[in-house]
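Here is what each chain is made of, one letter per residue.
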Amino acid sequence: MDAAERELFAKGIQDAVGRGDGLDAALAELGWADALAADERTAVSVLFEAQGGAAATSGALDLLLARSLLTPELATDSGRLRHGSVASSEGGGVVGVAVVLPAFGLVTPPGELAGGAATVAGFCRTDPAGPLLVACATGDGGLALATVDGLDRRVIGGLDPDLGLVEVAGRVPATDNRALDPAIWAAAVAAGQRAIAHELVGAAAQMLELAREHALDRIQFGVPIATFQAVRHKLAETYVAIEGARAALDAAWDDPSPFDATVAKATAGRSARLAAKHCQQVLAGIGFTTEHPFHRYARRVRALDGLLGDTRSLTRTLGEQLLAQRELPPILPL
Amino acid sequence: MVPRLLSGEELWCQGFSETGTGSNLGALTCRATRDDDGWVVNGQKVWTSFAQYAQRCVLLVRTGTPESVHRGITALFVDMDSPGLSIRPIEAMHGVPEFSEVFYDDVLVPFDRQLGEEGQGWAVAMDLLPYERSTALWHRGAYLHRRFGDLLATVPPDALSAGEVGDAFLHLFAFRARSLATQHRLHAGEHLGAETSVDKILIATAEQALFDLAADGLAAETVLGDDAASARWRSDYLYSRAATIYGGSSEIQRNIVARRLLDLGNDR
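Chains as they are written, first to last, in the numbering used here: chain A, 25 to 358; chain B, 11 to 278.
Be aware that one or more of the hints could be misleading.
[As the list claims (entries may be wrong)] If you want the footprint, here are the derived chain A segments under chain B, 3+ residues with CB under 8 Å: (1) 238-251; (2) 266-275.
[What the hints assert, rightly or not] Per label pair, the in silico range of CB-to-CB distance: (3) A/Asp241 - B/Ala204: 15 to 25 Å; (4) A/Lys301 - B/Arg242: 31 to 41 Å; (5) A/Pro354 - B/Tyr63: 29 to 39 Å; (6) A/Pro354 - B/Val79: 24 to 34 Å; (7) B/Asp122 - A/Asp241: 50 to 60 Å; (8) B/Ser240 - A/Ala62: 52 to 62 Å; (9) B/Glu142 - A/Asp279: 20 to 30 Å; (10) A/Asp173 - B/Ala204: 55 to 65 Å; (11) A/Leu358 - B/Ser17: 13 to 23 Å; (12) B/Val79 - A/Leu32: 38 to 48 Å; (13) A/Ser281 - B/Val233: 32 to 42 Å.
Hints in this document: simulated from the structure, not taken from any laboratory.
Here the structure is a predicted model, which is why all the values come from computation and not from measurement.
For each residue, glycine too, the CB sits at the ideal point set by N, CA and C.
Working from the sequences, and respecting the hints, build out all of it.
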């Protein structure tokens, strides 16, 4: 997309996200799947930041993951695509397919395949209507992509009921299993991590904006609280953390490796935690109520943090790798 | 002149800070008055990095009234061997005479060594600082990357928690990613301004995270070691304490972020 197309696309996405319910229908109308096929970076960054900024949700992550997991030959395989709600759009995007996410906080495949049955413990971003795609570990140490149906479902209330996460679990017959190249699984996880990182950044930026407006409007001791350095510095630190996460995300797009995606996801999660902490403090009493929108974002970033690897475990794993390698890989050449 | 600097034949320094004006640079008092032959400078500068090795100095002086703050400052380009100029190096905490006090006692600076217009010295300084926060910081980031690798190669197994190592790496990565974009903007001829304060805060955070980590993982070397490698870890650790102070403290950077990037208006 060129700059003008991108602006038009961003406006369409903002409008769709701002309308609230029915985001999936709006995205289908906008041709988001086609945009994804044409320009993944723009499609993902614009939608997920907007989604995070509005505390909205959609099935876009499923499309993104399905597109990464279903290599072109699998995606056009007629047997696979006809039996479920999966359909191929004109732009080559995959519409209506649900993909099981790893268990909360983890990045390991959510399924295990043995004797024609899959044991699954994971999540879906939206309530799945039909069969699900599940990445499974196989007994021989490899990976397989299975199609399953009939798992136990639990619509999650929890900290962030509006997110609409669905826990799926159980042991069910697995049909249509295909060997899954570990590199393809890693690339799909990376694609999902970049998307969630954008969503976290969008939510963090919105928290900062809410706190900023409050600091300028709220008068104490005869002046806006934004004039107090203690308040200003909290907001400045939040801004710097978000800018750092944005920069890491840009780097993760320039070099779309699993390593950089992990770094970007962890950095975005860390900045969102800082934003929640500082903005909650600046918003003070009103931010502690459900009459102010802040609480939706505070809930959202905690929930999003657990999708495709939480900040803490990703950071620890990164540190373990570095300590084991005993050297620092070259990063981000000029 | 510039080719001499670029070739390394000459070293130049920046005469900005004074004893009474560290963060509040606009209140500087080192004074220049007009004489027939040029500006006559009287006063004192401090924290002038490597002044004792420099051939020339970009010097900020007050040419307006004491109350003129930012508007009464002029930039001069001064030869360090000028009569009346004396230098006293100061030993920093890490054992290096990193900076100096510089005394100006009727130092004559010809009018053709004035940089920019009279009273426009603040603009000269403000144009210079973002360059310090772009290329110089990238260079510092490269050093931090190398020392991070040295730490990983040296640290005993189980001396560090993986979480802390990962966290320090995230800080370095975020700085490097940010600074990379800044270098590209500089290369494209874009004007660099207040947004480089973000780069400065990110690298100060990364630098202290790294050498805090080193001081923990190589604690015996840092505290007790007298060999060259240990002395270097100690020096790096001590020098990193200043990362949130020099080149505009982190508090000043956050003030800039708050006022210029978050548009929070003036503080009290």
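Those earlier numbered hints the structure runs against, lowest number first: As far as the earlier hints go, only 6 is violated by this structure.
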